[in-house]
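Assemble the whole structure, with the sequences as input and the hints as a guide.
According to the working numbering, numbering within the sequence shown proceeds without interruption in unit steps and concludes at 156.
Keep in mind that a hint or two might mislead.
SDA-like cross-link-like pairs, simulated, lysine to any residue; straight-line CA separation at most 20 Å [said to hold, decoys possible]:
1) Lys116 x Ser139
2) Lys116 x Gly95
3) Lys127 x Gly106
4) Lys116 x Asn140
5) Lys84 x Val154
6) Lys127 x Ser58
7) Lys116 x Val46
8) Lys137 x Ser111
9) Lys137 x Gln85
10) Lys137 x Thr91
11) Lys84 x Ser155
12) Lys84 x Lys137
13) Lys84 x Gly149
14) Lys127 x Pro81
15) Lys116 x Ile72
16) Lys84 x Ser103
Since the hints were made in silico from the structure, they are not lab data.
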Amino acid sequence: QVQLVESGGGLVQAGGSLRLSCAASGSIFSINTMGWYRQPPGKQREWVATITSGGSTMYADSVKGRFTISRDNGKNTVYLQMNSLKPEDTGVYYCKLSNLARDYWGQGTQVTVSS
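Rendered as structure tokens:
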């Protein structure tokens, strides 16, 4: 079994920054993909960014140039540095680990950006 625990959410003014963390524990294969998703109020969950165990990254167009995903393989932790935040970045942010053809999700952390 795999467990994911996110942290780092909060309330920030537009233009500010936050750093999210997601620590994974349990039976984790060394080759995996970790990512961040978010669910804005009243909307569907959407993909934000992905990073492979080799360090390749991909971003949604809406966050490209403002968000940076990174990971520490030794700690099984993925990070999301969010800069130049906008009110439309508000939502619950979820971490996902894709491991041996299975997906695992964290419980989510709230990010609120005020205008």
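The hints, checked one at a time:
no.: 1; hint: Lys116 x Ser139; in the structure: 16 Å, holds
no.: 2; hint: Lys116 x Gly95; in the structure: 15 Å, holds
no.: 3; hint: Lys127 x Gly106; in the structure: 13 Å, holds
no.: 4; hint: Lys116 x Asn140; in the structure: 16 Å, holds
no.: 5; hint: Lys84 x Val154; in the structure: 16 Å, holds
no.: 6; hint: Lys127 x Ser58; in the structure: 10 Å, holds
no.: 7; hint: Lys116 x Val46; in the structure: 13 Å, holds
no.: 8; hint: Lys137 x Ser111; in the structure: 14 Å, holds
no.: 9; hint: Lys137 x Gln85; in the structure: 16 Å, holds
no.: 10; hint: Lys137 x Thr91; in the structure: 9 Å, holds
no.: 11; hint: Lys84 x Ser155; in the structure: 18 Å, holds
no.: 12; hint: Lys84 x Lys137; in the structure: 18 Å, holds
no.: 13; hint: Lys84 x Gly149; in the structure: 15 Å, holds
no.: 14; hint: Lys127 x Pro81; in the structure: 12 Å, holds
no.: 15; hint: Lys116 x Ile72; in the structure: 14 Å, holds
no.: 16; hint: Lys84 x Ser103; in the structure: 15 Å, holds
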